[in-house]
Amino acid sequence: MNSVIPFLPLLLGALAAIVLRGWLRNLIMIVAPVLGAINLMGMDHGVFWSLEFMGYALEPVKVDKLSLMFGYLFHLASLIAVIYALHVKDTVQHVAGLAYAASAVGAVFAGDLLTLFIFWELLALTSVFLIWARRTDRAYASGIRYLIIQVLSGVLLLVGLLIFARVNNSLLFTQIGLQHEGIAQVGAWLIFFAFGIKCAFPFMHNWLTDSYPEATPSGTIFLASFTTKVAVYAFARGYPGEEILVWIGVTMACFPIFFAVIENDLRRVLAYSLINQIGFMIVGIGIGTALALNGAVAHAFNDVIFKGLLMMTMGAVLHMTGKINGSELGGLYKSMPKTTVLCIVGAASISAFPLFSGFVSKSMIMAAAVAEGYDVVWLLLLFAAAGVFHHAGIKIPYFAFFAHDSGIRTTEPPKNMLIAMTLAAIACVVLGTFPAQTVYALLPWEHSYQPYDVTHVLTQLQLLFFSALAFVWLNLKNMYPPELPSTNLDADWFYRKLAPAVVKRVAGTTYGAYVSVENSVILSVKRMVQNSYDAEAGQPKGYFAKLWPTETMVVWVAILLAVYLLFYYLH
Amino acid sequence: MLEQHLAALPIILPLIAAPVALILGRSVLSWGFATLVSGLAFIFSWQLLTAALSEGVLSYAVGGWAPPWGIELRVDVANAFVLLAVTAISTLVLVYSKDSIEKEVKAANHSLYYTAHLLCLAGLSGILITGDAFNLFVFLEVSSLATYTLVSLAADRRCLTAAFRYLVMGTIGATFILIGVGMLYMKTGTLNMLDLAGRIDLYDSSRTINTGLAFIMVGVSIKLALFPLHMWLPPAYTHAPSAVTAFLASTATKVAVYVMIRFIFTVFGIEHVFVDMGMGLILMVLAVVAIFKCSYMATVQSNVKTVLAYSSVAQIGYMILGLSLVSVAGLMASMIHIFNHALMKGALFMAVGAVFYRVGSVDIKAFAGLGRKMPLTMAAFTIAGLSIIGVPLTVGFVSKWYLVTAALEQDNWIVAALVLLGSLFAIVYIGRVLEAAYFQKLPESQGSKSIKEVSWLMLVPMWVLVIANIYFGIDTTLTTDAANSASEWLFQADAMSESKVPEGQVSENHVLEERAQEVSS
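First to last, the protein sequences are chains C and S. FYI, our numbering numbers position 354 of the first sequence as 360, with every residue one higher than the one before it. FYI, our numbering numbers position 260 of the second sequence as 249, with every residue one higher than the one before it.
Treat the hints as calculated values from the structure; they're not laboratory data. These numbers were taken from a predicted model, which means no experiment stands behind them. Any given hint might turn out to be false.
[As the list claims (entries may be wrong)] The calculated label-pair distances, taken between Cβ atoms and stated as ranges, are: (1) S:T150 <-> C:V25: 41 to 49 angstroms; (2) S:P432 <-> C:N525: 33 to 41 angstroms; (3) C:S341 <-> S:W402: 57 to 65 angstroms; (4) S:L149 <-> C:A568: 31 to 39 angstroms; (5) C:N212 <-> S:P432: 32 to 40 angstroms; (6) C:A519 <-> S:W402: 21 to 29 angstroms; (7) C:V436 <-> S:W402: 49 to 57 angstroms; (8) C:V561 <-> S:L149: 19 to 27 angstroms; (9) C:K95 <-> S:S439: 22 to 30 angstroms; (10) S:T150 <-> C:V561: 16 to 24 angstroms; (11) C:K344 <-> S:W402: 55 to 63 angstroms; (12) S:K441 <-> C:W195: 50 to 58 angstroms; (13) S:L270 <-> C:G514: 42 to 50 angstroms.
[To be verified] Here are some of the chain C residues that sit facing chain S, going by a computed Cβ distance under 7 angstroms: (14) R141; (15) Y146; (16) I150; (17) L153; (18) I154; (19) I155; (20) Y339; (21) Y539; (22) P546; (23) T556; (24) L567; (25) Y570; (26) L571; (27) L572; (28) Y574; (29) Y575.
Every residue, glycine too, gets a C-beta built ideally from N, C-alpha and C.
All chains, please: the whole structure from these sequences, using the hints.
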């Protein structure tokens, strides 16, 4: 079958969206991801396109099972996000969204580091428009910070790949690993950090929680689907089985929970929960067995769908009410019953209820952790899973749709939003109920994992979740937060009470130190900007605004001449 | 007949044409005439480049007086490459300037503008292809005097102060160059560059020659606006007519960088400048400070022309940084950036000029909402802006790539990191303009309704440059081949002149030569 370059349909869709208007644009925008996905079905494994550039062999399009899986995922995600954004009358968002999806697809099919780098930068450039499209000052500032950090990640990748090009004389993107000799070691770490920034590693994650909640309601859906998942893909290809990833992943899975619990902006809660879910994937990649890697990519697949669904429901709330803070919302189930149900489906999926999509993939990672003897990791992941359940599974729907009645009366969101959310919800249920026939048939690594062969292990896990559910439900009424001491000294006390206490203290100290450094840096930058820029008048001021008198210039000429001559005499 | 004098044509033609443009008097006539002449000069320089690529160095004795006594024009790959860029930009700017000048220059001065432009072009071409140190000074003065006139032509009276400051600084720079050349002449008795190169090595530790070198370096640094001698540039670029800024930003400073390369590599020799005098370190430090300080200055300015002017000074830092690395790769990065930066800044200033043409202001506030009203102009600005940032698939990325590769080749981590960090500033200053253009509302006033896209006469040259930004970002064959053979040639030329040195130094030269070959392979 004749196929075209994978990212081409989406890119053409983006270009068409620039010129087309009205229903024609809507049609093209829906057709583009569908055609793109059909196009993928006809692709054979292997190098699809190769060329030579500056003396290096490049493989801009290389197809294998891993990239195909992410390719399908991104097309599905962009279809859902596009439908969700149809009602928006904003060319910038439509074009940027599709171009952003095309860059993500391009990145996962990149067979060499240079192509990866190009799409890496394009991801940053296209996505920032989704943040700026909110058209508020906050969103603009946040977008600039986001862009700088993203480009910084690209820059690290560039230096890393230049080093690799020099050492290995090849730019092909294969397993990189962290064990190298000499300068290649530096390159490997630079690329590692480049991926890490995009992946929102601890202390590099601020861009995510800073900018995602500032984007437009539909923009966030795009944002939550692509950037971090491309990074997960890059780790799965470049650094599978690096043990340090296990510990980084565990940290990522655990620390956002504390912030998510106290956060009021519900979309920011979801942003923290996004980091937490990526933590699971990173743990899976770090373990590196076929089961773990499969679990990681499967979880990435599921996460895009259910996190997208949750983001969409919150976006619908924001769109209809104009509010997103938990304290201002509540009681919306009366006027938005459908959205409420869809949100609960998403919440059930992220909390890994059986028959919902999060269930199997999360247990694959945890089963792999046990199989490789990472008992502590397993416990911490269990804690993280309980935390997810609390903040994403309960807090989100509870504060938005139930809790005290805020008195807001509104209606269901526009039809296209409902359709997009329903699609995602159906996907959640189908993926969870028929895993073997759907996403798990696409898994890249050969492994005879039968989700329901290990049922009893999974059931055990689920029992824990159900008890947690009952416990939290009961406490929510009068003993919030639910992590208050409970009287039974069951084994779960260790990870429900002790571990959080220790982790909290350790995390608190590290984080405190980090915050104070960060604050002082921000303060000095701010002071510098304030001294040089008059924000009200929009003009430079002081030293930076003045014109230099000719005398000063001449003095500098003399100084430079003197320096040259002095240097010569001293030399 | 023509082929025989090909080397002289890019200088002679605009020089003779300049007074004719003045005599023609009427704006449209002199515009057409000047554009035609500049186009011809472009064709000749294209032929010169092909000739230089196939035959190597072309030597032309002016007036039939053989060098070293007469004035020699020497065309090699290096200067033919820069000459091609200069004449191309000049032609595009001239096409563009018809509308732009009508808005920004008084009608009575129009033919004066075209005359000065042609004189400036003649001067720049002369600087590039002359092989005579004193003649170089003469052409530098020709182009500079024309430039002062050009800057002072704007209707806004602030341009007069800017032009005056530029005049004072430019004259000091020219004087320094003259003093330096005089010192060389005093010691060696020759002015021909090739001849000078051979003789300078005989007086290796002569104070006169070394002081002359210092004077020349400072003089050229003023001309190319190397930090901290750049202060004349931002006001001059801000207040000059937009077409003039577009022309100067993409040619005049680049030619000055070329002069520095020429003096370092073909006249004095790498050994002398970087090893004996230790100038590499000074240049590198100044370049890095220029990149950071001027990039930061650019981020806080409110006038977009000033923003771009400071950005130019920062970009010159990149060029100087490349040559201060003292390797074929570094020099190649500089040459590529000279060419690429001409493409980016030309397009950016043309877009800003188009905004001035319609809105009447280049303050950042004036850009609000223009994304809708002037989509083509702002799209051009966006693409050229991305190029400045160094986004892949644009020429900016190619420059960054070669500069970083050159730094890494010497394991110079700090420089590589600084180059990449510096490019982050560009995001902010370009981002501010883009944000205004695409995400702010058009101010509600009487005039804003009538804002529309500029005419094709302004759009076509702008977009030719924008497309060149993308084309040379993807197909890098022309730029890298030319720059590579140019820098290899410059290194060889250096090695050749060094080979005349007495025996004691041969071993060191040998090492350098070997290094150059190793690097180039």
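Evaluated hints:
{"no.": "1", "hint": "S:T150 <-> C:V25: 41 to 49 angstroms", "result": "holds (47 angstroms)"}
{"no.": "2", "hint": "S:P432 <-> C:N525: 33 to 41 angstroms", "result": "holds (37 angstroms)"}
{"no.": "3", "hint": "C:S341 <-> S:W402: 57 to 65 angstroms", "result": "holds (60 angstroms)"}
{"no.": "4", "hint": "S:L149 <-> C:A568: 31 to 39 angstroms", "result": "holds (32 angstroms)"}
{"no.": "5", "hint": "C:N212 <-> S:P432: 32 to 40 angstroms", "result": "holds (35 angstroms)"}
{"no.": "6", "hint": "C:A519 <-> S:W402: 21 to 29 angstroms", "result": "holds (27 angstroms)"}
{"no.": "7", "hint": "C:V436 <-> S:W402: 49 to 57 angstroms", "result": "holds (51 angstroms)"}
{"no.": "8", "hint": "C:V561 <-> S:L149: 19 to 27 angstroms", "result": "holds (24 angstroms)"}
{"no.": "9", "hint": "C:K95 <-> S:S439: 22 to 30 angstroms", "result": "holds (25 angstroms)"}
{"no.": "10", "hint": "S:T150 <-> C:V561: 16 to 24 angstroms", "result": "holds (19 angstroms)"}
{"no.": "11", "hint": "C:K344 <-> S:W402: 55 to 63 angstroms", "result": "holds (57 angstroms)"}
{"no.": "12", "hint": "S:K441 <-> C:W195: 50 to 58 angstroms", "result": "holds (53 angstroms)"}
{"no.": "13", "hint": "S:L270 <-> C:G514: 42 to 50 angstroms", "result": "holds (47 angstroms)"}
{"no.": "14", "hint": "R141", "result": "holds (5 angstroms)"}
{"no.": "15", "hint": "Y146", "result": "holds (6 angstroms)"}
{"no.": "16", "hint": "I150", "result": "holds (6 angstroms)"}
{"no.": "17", "hint": "L153", "result": "holds (6 angstroms)"}
{"no.": "18", "hint": "I154", "result": "holds (6 angstroms)"}
{"no.": "19", "hint": "I155", "result": "violated (10 angstroms)"}
{"no.": "20", "hint": "Y339", "result": "violated (36 angstroms)"}
{"no.": "21", "hint": "Y539", "result": "holds (4 angstroms)"}
{"no.": "22", "hint": "P546", "result": "holds (4 angstroms)"}
{"no.": "23", "hint": "T556", "result": "holds (5 angstroms)"}
{"no.": "24", "hint": "L567", "result": "holds (5 angstroms)"}
{"no.": "25", "hint": "Y570", "result": "holds (4 angstroms)"}
{"no.": "26", "hint": "L571", "result": "holds (5 angstroms)"}
{"no.": "27", "hint": "L572", "result": "violated (10 angstroms)"}
{"no.": "28", "hint": "Y574", "result": "holds (5 angstroms)"}
{"no.": "29", "hint": "Y575", "result": "violated (9 angstroms)"}
Hints 19, 20, 27 and 29, counting from the list given before, are not met by this structure.
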